[in-house]
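Engineer: Next come the chains, spelled out residue by residue.
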Amino acid sequence: MSAETGIGAAVKRREDLRFITGQGNYTDDLNVPGQAYGVFLRSPYARARINAVDAADALQVEGALAVFTGQDTAADGLGDLPCGWLVKSRDGSDMVSAPHPPLAVSQVNYVGEPYGLVVAESLAAARQAAERVDADFEELTPVVATARAAQASPIHQGLEDNLAYDWELGDEAATDAALSAAVHVTRLDLTNNRLIPNAIEPRAALATFDPTNGEYQLRTTSQNPHLERLVLSAFVQIAPEHKLRVVAPDVGGGFGSKIFVYAEETVVTWAAAKVGRPIKWTAQRSESFLADAHGRDHVTHAELGLDEAGRFTALKVSTTANLGAYLSTFGSSVPTYLYGTLLAGQYKTPNIHVRTHGVYTNTAPVDAYRGAGRPEATFVVERIIEAAARETGRDPAELRRLNMIAPEDFPYQTPVALVYDTGNYQASLDKALRLADYAGFGQRRAASQAAGKRRGIGFSCYIEACGLAPSQLAIQLGAGVGLYESGEIRVNPTGSVTVFTGSHSHGQGHETTFAQVVSDKLGVPFDDVEVVHGDTGRVEFGLGTYGSRSLAVGGSALICASDKIIAKGTRIAAHMMQAEPDSVAFEAGAFISGNQRLTLQEVAFAAYVPADYPPDLEPGLSEKAFYDPENFTYPAGAHIAEVEVDEATGVVQLANFVAVDDFGHVINPMIVDGQVHGGLAQGAGQALLEHGIYDADGQLTTGSYMDYCMPRADDVPDFTVDTTVTPCTHNPLGVKGCGEAGAIGSPAAIINAVTDALGTEDITMPATPEQVWRKLRGL
Amino acid sequence: MNLSLTVNGVEHSLDVPANTLLADLLRSQLRLTGTHVGCDTSQCGACTVHLDGRSVKACTVLAAQTQGRAVTTIEGIGSPDDLHPMQAAFRDCHALQCGFCTPAMILRAIELVESGSALDNRTVREGLEGNICRCTGYHNIVKAVLTAGEAMQEQAR
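First to last, the protein sequences are chains A and B. Here the working numbering is used: the first residue of the first sequence is 6, the next is one more, and so on. Here the working numbering is used: the first residue of the second sequence is 92, the next is one more, and so on.
Do not rely on the hints blindly, as some may be mistaken.
[What the hints assert, rightly or not] When the alpha-carbon atoms are kept at most 25 angstroms apart in a straight line, the in silico SDA-like pairs for lysine to any residue are as follows:
#1 K234/B with L694/A
#2 K17/A with A179/B
#3 K234/B with R439/A
#4 K234/B with D727/A
#5 K17/A with E241/B
#6 K458/A with E217/B
#7 K17/A with E245/B
#8 K279/A with R439/A
#9 K234/B with E9/A
#10 K17/A with D183/B
#11 K234/B with M675/A
#12 K573/A with E535/A
#13 K234/B with A660/A
#14 K234/B with L210/B
#15 K17/A with S133/B
#16 K234/B with R23/A
#17 K17/A with R160/B
#18 K17/A with S170/B
#19 K234/B with A15/A
#20 K234/B with D442/A
#21 K234/B with Q658/A
Calculated from the structure, these hints are not laboratory results.
Same shape as in the complex, but just chain B (with noise of 0.2 angstroms):
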C-alpha cells in the first residue's frame, strides 16, 4: 500500500506491505534505529514514539494508522550539537546506564511533562509505568524527569 506520513518533519511517501507495523516501518526501512524493539506484548515500552505529539507504542501502531500523520522519534528530538532538555537532563542525572530503553523513555518523558500536569515524585512513577529499564532502577530517571521538567516549564514561560 502507498502511505505518506512525517516522520522527524520529514514527509515520506512509501510503499509497504499492509501488515507492516511502524517499528519496522522506522528500523527498517527508514533506518531510524533510535527507535527498540524489547518485546513482543507491548510491554516494555522501548519502541516508544511521538505520534503526533502523543507516546504510542510503534510496535503496536500499523504503519497504515499513520497516513498524514506525524511521527517523532528519538533522532527528531534533538541532536549531540543542540539536546532536548530531557536529553540533557537524561545525561546530566546519570538517567541511563546500557541506553537501550533510553530514547523511549526520553520520548514518553517529555509527553508526560508537556502533558502539563503536576509533577512529583509519585506521579513521574506512575506515568512511566509503561516503560520497563532494566539497568537504573530507576532513581535517577525519576530525577531528570523532574529536572528536565523544571526546565522544559521556565523555557515555555
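With the rest of the complex left out, here is chain A (with noise of 0.2 angstroms):
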C-alpha cells in the first residue's frame, strides 16, 4: 500500500480542514428551527433538603416556557442515573448504590447538583426565570473529606453508612507474611489529588421530539452516543431505543468526562416532548467545573518490601477513593478493577495486595479522567519503588530494571489477575536514560546549584491496561456492558467505501487513522475511504471511545469486516475468472488467479450488477463485524522528569521530559506523539498545577480558570518522545493503545524529581510553589 498513506505514515489530518478554518459542527455550533433554552436550577449547599421549588414568579418572565423540578421527572417515572459496574465488596456482598435521580428530588447532595430546569424562548430569558425560581433549602451538614469519610455520618438516607464498598484484590495473608519477612520495608503515604477534567468545549445538548412519529433526537458532547442511548432508552426510560437517535457530532474534547450519562442531557431530552419544543443546553465552565465527573482523588498508605539483594517482594496498598455523592456512569470501576490490577506495574513483585474503600461525599461524582485508576496505580507504585531507592541508596533506575519482568517470562501472570502478553521493559527504560543523558544528570545538577537552584531527576516506568476486555470476564467481574466494539465496511458500487465504526473521535483523528487502516487493508485509495462516527441512525452499534481503547478494539473490528469482504470478493472474482476461489490470492487491492487480475472495484461493481456472479451468493458488498478482545492491551513505558527548584520562589521548572513508549504497531507516528504530548501536559498539570478543592462547607472553591490552575503554554517545555515496539499478541493490527499513556506515567516521574531535588518524599500533588517554598524552609 502507499508508503504515504498506509499503516505508519504520518498522514495529516484530514479533520483539520474543518477546524482550522472554523467550520467545526460542534454541539452548541448547531441551531433549528423554534429551539428553546434551557438552564439548570443547581443546588447553592453542598447538602442540603429541599423543601420546596416555587417557580411561579420564574414563569412570570417575558418568554419563560416551563420550569420543571426532580418531583416532575419522578412524577413522569424517569430513571434514575445508573451506574454501569456492579463491584462487590471483599464480603461478597453488592456495592450500596445510593439512588441518583436525574434532578434531585428531595435533598441535594453536592454544590452544583442539577435540581431544575428552566426552559424559555431565549438563554437571556432562561437566565433570568432561573435567578426568580424560589427554593427553599434545609441546610445539612455535609461530608467532605475523603480520608474521614468511612467514619462520618451516611449522606444518603436509608444507607448505614458512607462506603460503597470494601474492595480487595491479592492475596492479603501471603503479602503480609512476605512483608514481616522483608529485609527492607519502605512506607508511604500518598494522595492521589481531585482533578477537573476540563475539556475546552464545554458539556451541551440539543434535543428535539418528533409528536408525529414519537422519535427524539439528541445532539450531544458524548465519548459513545450509543451507551447515551442504551442507558436513557433501557434505564431512564425516555424513549424506546429505536425512537432515540443520538448524535455526537464534532466533540472539543472528553478525557473521559464525556463517557457518562448526565443528568443534563437526559433532562434537555424529556423536556422537549413536554415542552413540545426543541431544547438546547451549553454548559457555562463554571457549570463544568461543578458537574462535570471529577478524577482521581484517592488517600493511600502503600508498603513495599524489599529482600537483600532489592527485589520487591510484597507490596500491601491500601487506598479510600471518594466517589463523589453518587456513584457515577463508571466511577465503581476506576478505583477497583482499574487501579488494583494495575499494582504489579513492569515488576515481578510476588505478593501484592490492595483494598480500596470506595465512599461518598457531598461532591460532585467522581469517575474516569485520562487514565483512570492506571495513573492512581503508577504513582503508587513508581513513588515507593523511587523511595525504595533512596533508603536503601539503590539507583532508582537499576533498582527498577533489577525488578522487571524480562521479555522472556511473557505471557506472564500478575498477583492481580492480568496476564500481560508482551512487552520489553529495559529496551524502553534503555532508550530513556539515554535520551535523557542521564550520565550527564550530575553535572546539570551541579550546574544549576551553581546558579542557586536544586535540580532533581525521576523516573516512571508505568504499564497501562487498554481495550477492557475481554466482554464475558468483564460482565463476570460488574460490567454492565460488553466491551467488544463494532465496525462495518461498505464497498459501494463504484468501489470507494465508507466505514462505519462504534468508536468516536473527539480529538484523536480517526477519520484518519480509521482510513488509512482500511485503505491498507483493502488497498484502495485513501482519498476512497470514509469513515463515519457518532451517530446511532447510521451506526449500528457502538461501545465509544474511553481507555485508550479505539484502534485496539474498534481498528481491529475494521480488519474483521475487511477480511469478511475479502472472502466474499474472493468468491465473487473466483467466479468470474472461472477459478478455484482457493486458487484466488488477494493482493494490494486486486483478486489475483495466475495471470488474471481483477480489482476491488471491478468485483464491487459485480457485486451491485451481479450479471455474471455465483449463484449462491446475495449480492451486494458490505459486511459488519464485532471485536471482542481476548485480553487487554499493555502499553508500556519509562518517563524520565528533571526539574529545577528556585530556592527563593518555590517555583518547579519542568526542565526536560522524556517519554519512550511501548504501543505496538503505530498507524499514524504523527498523531501518536501528539496524543503523547497531550497526556503528559496533563500529567505535568496533575503534579504541578492543578487541583481540584473543596472547603469544609463542601463549597468548591476551584470553580473557575482564576482558581483552577491549568497547564498553558510556558507551563510545559517542549517534549521529548520516541517508541520501542513489541506488537500486541491477540489483536490483528498489534496496537496496543496511546491516549492515556502521557497521564499515566508523568505524574510519578515529575514528583520524584521534585522529590529528588528537594530531599524529601513528603511532597503532595500538586507541588505548587507555595508548597515547596514551605518545605525549602522546613515550614
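Build the complex: two chains, separate frames, hints provided.
Structural biologist: Structure follows, in C-alpha cells:
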C-alpha cells in the first residue's frame, strides 16, 4: 500500500481542514428552528433538604416556557442514572448504590447538583427566570474529606454509612507474611489530588422531539453516543431505543468526562417532548467545574518489601477513593478493577494485596479521567519504588531494572489478575536513559546548584491496560455492558469505501487513522475511504471511545470486517475468472488467479450489478464485524522528568521530559506523538498545577480558571518522545493504544524529580510554589 | 441599539441589545460559529478574534465597543482552498486535536507573528499564555507558530 497513506505513515489529518477554518460543527454551533433554551437550577449547598421549589414568579418572566423539578421527572417515571459496573465488597456483598435521580427530588448532595430545569424562548430569558425561582433549602451537615468520610454520618438517607464498597484483590495473608520477612520495608502515605477534566468545549445538548412519530433526537457532547442511547432508553426510559437517535457531532475534547450519562442531556431530552419545542443547553465553564465528573481523589497507604538484593517481595496498598455524592456511570470500576489490577506495574513482585474503600461524600461524582485508575496505580508503584531506592541507597533506574519482568517471561501472570501478553520494559528504559542523558545529570545538577537552584530527576516506568476485555470476563466482574466494538465496511458500487465505526473521535483523528487502516488492508486509495462515526442513526452499534481502546478494539473490528469483504470478494472474483476460490489471492487491492486480475472496484461493481455472479451468493459488498478482544492490551514505557526548583520562590520548572513508550505497531506516528504530548501536559498539570479543592462546607473553591490552574504554553517544555515496539500478540493490528499513557506515567516521574531535588518524600500533588517554598524552609 | 461594524470585510448594520457581547453577536446573530466560548472568566481564550488587527477575547468585548471598527474571525482568515500560512502550519505540524481552541489559537498566533518581535520557543510560549489548549500539550502549537512565522516573514519580504 502507499507509503504516504498506509499503516505507519504520518498522514496529515483530514478533519483538520474544517477546524482550522472555523467550519467545525460542535453541539453549541448547531441550531434548529423553534429551539428554546434550557438553564439548570443548581444546588448552592453541599448537602440540603429541598423543602419547596416555587416557580410562580419565574414563570412570569417574558419568554419563560416551563420550570421542571425533580418532582416532575419522578412523577413522570423517569428512572435513576445508573452506575454501569457492579463492584462487590470483599465479603461478597454488592456495592451500595445510592439512588441518583436526574433531578434531585428531596435532597441535594453536592454544590452544583441540578434540581430543576428552566426553559425559555431565549437564553437570557431562561437565565432571568432561573434567578427568580424560589427554592427553600434546609442545610444539612456535609461530609467532604475523603480520608474521614467512611466514619462520618451517612449522607444518603437509608444507608448505614458512607461506604459504597470495601473491595480487595490479591492474597493478603501471603503479602503480610512476605512483608514481615522482608529485609527492608518502605512505607509511604500518598494523596492523589482531585482533578477536574476541563475539555475546552463545555458539555452541551440539543434535543428535539417529533410528536408525529414519537422520535427523539439528541445531539450532545458524548464520547459514546450508543451507550448514551442505551442508558436513556433501557434505564432512564425516556424513549424506546429505536425512537431515540443520539448524535455526537464534533466534540471538543473529552478525556473521559464525556463518557458518562449525565443529568443534563437526560432532562433536556425528556423536556423537549414536554414543552413541545427543541431545547438547547450549553454548560457555562462554572457548571463544568461543578457538575462534570471529577477524577482521581485517592488517599493511600502503601508498603513495599524488599529482600537483601533489592528484589521486591511484597506490595500492600490500602486506598480510600472518593466517589463523590453518587456513583457515576463507571465511577465504581475506576479505583478497583482499573486500579488494583495495575499494581504489579512492570515488576515481578510476587505478593500484592490491595484494599479499596469507596466512599460517598458531598462532592461532585468522581469517574474516569484520562488514565482512570492507572495513573493512581502508577503513582503508588513508582513513588514507593523511588522512595525505596533512596532508602536503600540504590540507583532508581537500576532498582527498577532488577525487578522488571523480562522479555522471556511473557506471557506473565501477575498476582493481581492480569496476564501481560508482551513487552520489553528494559528496552524502553534504556532508550529513555540515553535520551535523557542520565549519565550527564550530575553535571547539570551542579550547574543548577551554581545558579542557586536545585535540580532533581525522577523516573516512572508505567504499565497500562487498555481495551478492557474480554466482554464475558468483564461482565463476570460486574460490568453492565460488553466491551467489544463494531465496525462495518461498505464497498460502494463504484469501489469507494464507507467505514462505520462504533468508536468516537473527539480529537483523536479516527477519520484519518481508521481510513489509513482500511485503505491499507483493502488496497483502495486513502481518499476513497470515508469514516462515519458518532451517530446512532448511521452506525449500527458501538461502545465508544475511552480507555485508549479505539484502535485496539474498534480498529480491529474494521480488520475483521475487511476480512469478510475480502472473503466474499474472493468468491465473486473466482466466479468471474472461472477459477477455484482457493486459487485466488488478494493483494494490493486486487484479486489474482494465475495471470488474471480483478480489482476490488471491479468486483464491487459486479456485486451490485450481478450479471456474471455466483448463483448461491447474495448481491452487495458490505460486511460488519463485532470484535471482542481476548485480553487487554498492555502499553508500557519509561518516563524521565527533570526539574529545576527555584529556592527563592519555590517555583518548580519542568526542565526536561523524556517519554519512551511501547504502543505496539503505530498507525500514524504524528498522531501518536500528539497524543503523548497532550497526556504529558495533563500529567504535568496534575503534578504541579491542578487541584480541585472543596472547603469544609463543601463549596468548590476552585470553580473557575482563576482558581484552578490549567497548564498553559509556558508551563511545559518541549517534550522528547520516542517509542519501542513489541506488537500486541492478540489483536490483528498488533496495536496497544496511546491515548492515556502520557497522563499515566508523568505525574510520578515529575514528583519523583521534585522529591529528588528537595530531599524529602513529603510532597503532595500539586507541588505548588507555596508548598515547595515551605518545604525548603522546613515549615 | 444600532451598530455598524465590519466583520471579515463585510459591513453590517445591526440592531442589538446594548448588553450584547461580541462573542454572542458573532455566534448567534452572524452565525460565525468558528469563534468558540470555553469559559466565563476570559481565561481560556477560545473566543479570540481580531479587532482592528489586535487580538481580543470576544467574550469580554461589548458589541457596542466595535462600532465603526473591523472584526476578523477565523472565517475571514483563510478558506479551505486558500489557507493562511498559520492555518496551513497548524495542519502540517499537527497542532490541533479536538479543534475547539484552534481558531482562537491561530488568530492569537497570527498577531504574535505580525507584531514583529523576534520569536523563539520561549517567546511563543509566553505569547500564547492567554489561550488554553487541553489536547496538544502545546508542543506542536509552538512548532506551528515558529514554522508559520518564518513563512509569513518570507512572504512579507
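Engineer: Confirm or reject each hint.
Structural biologist: Checked hints:
1. K234/B with L694/A: holds, 24 angstroms
2. K17/A with A179/B: holds, 11 angstroms
3. K234/B with R439/A: holds, 24 angstroms
4. K234/B with D727/A: Given pair K234/B, D727/A holds - Cα atoms ~17 angstroms apart, limit 25 angstroms.
5. K17/A with E241/B: Holds. K17/A to E241/B sits at ~20 angstroms (cutoff 25 angstroms).
6. K458/A with E217/B: holds, 22 angstroms
7. K17/A with E245/B: holds, 24 angstroms
8. K279/A with R439/A: violated, 64 angstroms
9. K234/B with E9/A: Answer holds: K234/B to E9/A is near 22 angstroms, not above 25 angstroms.
10. K17/A with D183/B: holds, 7 angstroms
11. K234/B with M675/A: The hint holds at about 13 angstroms.
12. K573/A with E535/A: holds, 21 angstroms
13. K234/B with A660/A: holds, 18 angstroms
14. K234/B with L210/B: Status holds; Cα separation ~11 angstroms.
15. K17/A with S133/B: This hinted pair is violated, its Cα atoms lying about 32 angstroms apart.
16. K234/B with R23/A: holds, 21 angstroms
17. K17/A with R160/B: violated, 37 angstroms
18. K17/A with S170/B: Judged against 25 angstroms, a Cα distance of about 17 angstroms means the pair holds.
19. K234/B with A15/A: The hint holds at about 16 angstroms.
20. K234/B with D442/A: Measuring from Cα to Cα gives roughly 23 angstroms; hence the hint holds.
21. K234/B with Q658/A: Holds - the C-alpha atoms of Q658/A and K234/B are around 20 angstroms apart, at most 25 angstroms.
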